[in-house]
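Okay, here's what each chain looks like letter by letter:
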Amino acid sequence: MNITGTAFVLGDDIDTDQIIPAEYLSYNPADPEERKYFGMYACVGVPDAKSGLPEGNKRFVPEGAFTCDYTFVVGGKNFGCGSSREHAPLALAEAGAKVVIAEFYARIFYRNCVNGGYLLPAECSTRLIDGEVSTGDTLELNIETNTLTNQTTGKSYDLSPLGDVKPIIDAGGVFGYAREQGMIG
Amino acid sequence: MPRKMTMTEKILAAHAGKDDVTPGDNVWVDVDILLTHDVCGPGTLGIFEQEFGQDARVWDNERLVIIPDHYIFTADDKCHRNIQILRDFVKKQNIKYYYDPDFVNTEFGSGFPSAYRDPRQTTYKGVCHKALPEEGHCRPGEILLGTDSHTCTAGAFGQFATGVGNTDAAFTLGTGKTWLKVPPTMRFDFHGEIPPYLTAKDLILAVIGDIGFAGATYKSMYFAGSGIASLSLEDRMTLTNMAIEAGGKNGICDVDEKTLAYVRNRSTRPEWTVYEEDDGAEYDYRNQWDLADFVPLVAAPHSPDNTKTAYELQQQNVKLDRAYIGSCTGGKITDMLFAANILHGNEVRIPTFVVPGSTEVHADMLRLNLYGRPVADADAHDTKANTSVYDALQNAGCNIGPASCAACLGGPQDTFGRLNEPINCISTTNRNFPGRMGHKEAGVYLASPLTAAASALTGVVTDPREYVAEPILTGEAGLV
Numbered sequence: 001m002n003i004t005g006t007a008f009v010l011g012d013d014i015d016t017d018q019i020i021p022a023e024y025l026s027y028n029p030a031d032p033e034e035r036k037y038f039g040m041y042a043c044v045g046v047p048d049a050k051s052g053l054p055e056g057n058k059r060f061v062p063e064g065a066f067t068c069d070y071t072f073v074v075g076g077k078n079f080g081c082g083s084s085r086e087h088a089p090l091a092l093a094e095a096g097a098k099v100v101i102a103e104f105y106a107r108i109f110y111r112n113c114v115n116g117g118y119l120l121p122a123e124c125s126t127r128l129i130d131g132e133v134s135t136g137d138t139l140e141l142n143i144e145t146n147t148l149t150n151q152t153t154g155k156s157y158d159l160s161p162l163g164d165v166k167p168i169i170d171a172g173g174v175f176g177y178a179r180e181q182g183m184i185g
Numbered sequence: 186m187p188r189k190m191t192m193t194e195k196i197l198a199a200h201a202g203k204d205d206v207t208p209g210d211n212v213w214v215d216v217d218i219l220l221t222h223d224v225c226g227p228g229t230l231g232i233f234e235q236e237f238g239q240d241a242r243v244w245d246n247e248r249l250v251i252i253p254d255h256y257i258f259t260a261d262d263k264c265h266r267n268i269q270i271l272r273d274f275v276k277k278q279n280i281k282y283y284y285d286p287d288f289v290n291t292e293f294g295s296g297f298p299s300a301y302r303d304p305r306q307t308t309y310k311g312v313c314h315k316a317l318p319e320e321g322h323c324r325p326g327e328i329l330l331g332t333d334s335h336t337c338t339a340g341a342f343g344q345f346a347t348g349v350g351n352t353d354a355a356f357t358l359g360t361g362k363t364w365l366k367v368p369p370t371m372r373f374d375f376h377g378e379i380p381p382y383l384t385a386k387d388l389i390l391a392v393i394g395d396i397g398f399a400g401a402t403y404k405s406m407y408f409a410g411s412g413i414a415s416l417s418l419e420d421r422m423t424l425t426n427m428a429i430e431a432g433g434k435n436g437i438c439d440v441d442e443k444t445l446a447y448v449r450n451r452s453t454r455p456e457w458t459v460y461e462e463d464d465g466a467e468y469d470y471r472n473q474w475d476l477a478d479f480v481p482l483v484a485a486p487h488s489p490d491n492t493k494t495a496y497e498l499q500q501q502n503v504k505l506d507r508a509y510i511g512s513c514t515g516g517k518i519t520d521m522l523f524a525a526n527i528l529h530g531n532e533v534r535i536p537t538f539v540v541p542g543s544t545e546v547h548a549d550m551l552r553l554n555l556y557g558r559p560v561a562d563a564d565a566h567d568t569k570a571n572t573s574v575y576d577a578l579q580n581a582g583c584n585i586g587p588a589s590c591a592a593c594l595g596g597p598q599d600t601f602g603r604l605n606e607p608i609n610c611i612s613t614t615n616r617n618f619p620g621r622m623g624h625k626e627a628g629v630y631l632a633s634p635l636t637a638a639a640s641a642l643t644g645v646v647t648d649p650r651e652y653v654a655e656p657i658l659t660g661e662a663g664l665v
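Residue numbers (the working numbering), protein chains in the order written: chain A, 1 to 185; chain B, 186 to 665.
I should point out that these hints are in silico values taken from the structure, not numbers from a laboratory.
We put the CB at the ideal spot given by N, CA and C, even for glycine.
One should not assume that every hint holds.
Claimed, not checked - No more than 30 Å apart at the CA atoms, straight line, and that leaves these computed lysine-lysine pairs for DSSO-like:
1) 36(A) / 98(A)
2) 362(B) / 98(A)
3) 493(B) / 36(A)
4) 98(A) / 155(A)
5) 362(B) / 166(A)
6) 36(A) / 77(A)
7) 77(A) / 366(B)
8) 50(A) / 77(A)
9) 50(A) / 493(B)
10) 58(A) / 166(A)
11) 493(B) / 166(A)
Claimed, not checked - FRET-style restraints, in silico, Cβ to Cβ:
12) 235(B) / 65(A): 23 to 29 Å
13) 155(A) / 458(B): 51 to 57 Å
14) 445(B) / 184(A): 46 to 52 Å
15) 461(B) / 164(A): 46 to 52 Å
16) 360(B) / 145(A): 34 to 40 Å
17) 55(A) / 414(B): 49 to 55 Å
18) 469(B) / 184(A): 32 to 38 Å
19) 456(B) / 167(A): 33 to 39 Å
20) 306(B) / 6(A): 52 to 58 Å
21) 65(A) / 213(B): 29 to 35 Å
22) 34(A) / 288(B): 53 to 59 Å
23) 202(B) / 147(A): 23 to 29 Å
24) 164(A) / 235(B): 23 to 29 Å
25) 164(A) / 456(B): 30 to 36 Å
As the list claims (entries may be wrong) - Negatives, chain A to chain B, calculated, CB over 12 Å:
26) 46
27) 58
28) 83
29) 112
30) 113
31) 115
32) 124
33) 125
34) 131
35) 135
36) 143
37) 150
38) 156
39) 159
40) 184
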């Protein structure tokens, strides 16, 4: 299975306050109508100059819209650090993203992606944000071979194996996994 | 014979029903306490009801602790509605430990609530990480999960405590369990006595500066040595609180008489288990420091590992527009005492916002003098003895708000102390990412309460050493 779409590129140390600023956390993610607003405000906390690299000054989600056309969010080191708010992967997913790719993740964000089943958190040891991928490039993720291809440049990259969390990702999250294992009804 | 283990490994092994565990093992563990608040509570409860059913019961109505603390003092209707969601759940599930902001009227709910009049006369507690031990929910040897990254604070009590998301919390709420990967442990030894011009904030900023802001990602941080034994329990909480700022899974300290005195006096349960680090336990990293070698530190914008000495920033005349003293990191009663001793008899030169970490801190600020003793016992000729912490701060020109997370994480636009403009603020809080305290172009300098208070007096980042002539006595503050 392949996932193909457009990339939005951010920098290193993108913390969850930048992904969804605290002032929007009063929306209740359990309410389907309010949940959409996390998409509307996804990544509005990223300083303008660093939003949509390399040029910057690009919004992830157009002003006033609930969703965007970006399928991939690409970051550098320590993606998702800071607050444990699950609203962060939820916001990226509500906006329409399917995959995050980073050099490595902060632990709680990664766990939230996996256990909540919001996004596929892929790791790539190649530093993609320094010229390998630009905002607007078309990326293709091949899940079978665990490789990423930048169709815009023609270059391919191996992704790190998902390892222990793969069964949880395959089950769609921790609830699906626990049901498969017969832990819960 | 089981392998030699760290405290963290022993706690995880015991809760997984195993003789031993090794870093990298994935284990299912029994959770002792689950903490949530008004920001992540509604989402967590929503997932719980969606996955387990509307009529499902929580796994244990005495092990879920709900402490609203984030968005209390705001006119945002949705925030008050979220408190009502918590109230309804507490009633439906007969949750024993819920600390209601009883002055917030959600029924007709609009407008800015008037704050509690008397911090001793409200069921509201304030910041969950401070209120949790106060209300007797922190015990050695337990596993605590919380829907907040600073849940790691409770590691100061010799327990395994870590932050989780809503889905994880909802899973635990229904099953009492979670899966954890056993982390490798990094060991940080501190030797000697802490000098009077330092607090644990300087120590943890040094650690984060040393290993980097992601230096403990997926790892446990163990703080050990005579230097940690010399710290108050509250200062140990400052250390473990910021483990997450190095990416740590948990931070943990040894249990000693200071820990036990507090826990014995507070715990809602009579029993707990004290685990000790084995000689020969394995560490992923070790470093050690002599406390006498430290100087006051500041993390400059926009990362907690952007460490500078307060002295070098003072030499550069780094101008400030505001000072902020509060949060789970720097809003405890000893933090207030540190700041008040510097500000007493002086006047701040920049707007200085003070937010008690809890209503108990607020009450103690009114009750205790600048030696940490009851004001009533004071000698009328000694102004430090007859001035309360609260009055010292207020007389110095500080703007004191009600207990809450307040501007530490920005919050709604009308949050007390929020940085609504691109200004520079020195703060005793824990994060200085872009936008953390409000405006995304604002600059936040993280510092100890001593450095923040000295800087409030000058309007530039200021080394507090010349302001602290002798050790600041904290008396009975935060002891039991």
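Worksheet item: Quick check: which numbered hints come out false for this structure?
Response: 3, 10, 11, 14, 15, 21, 22, 23, 26, 28, 29, 30, 31, 40
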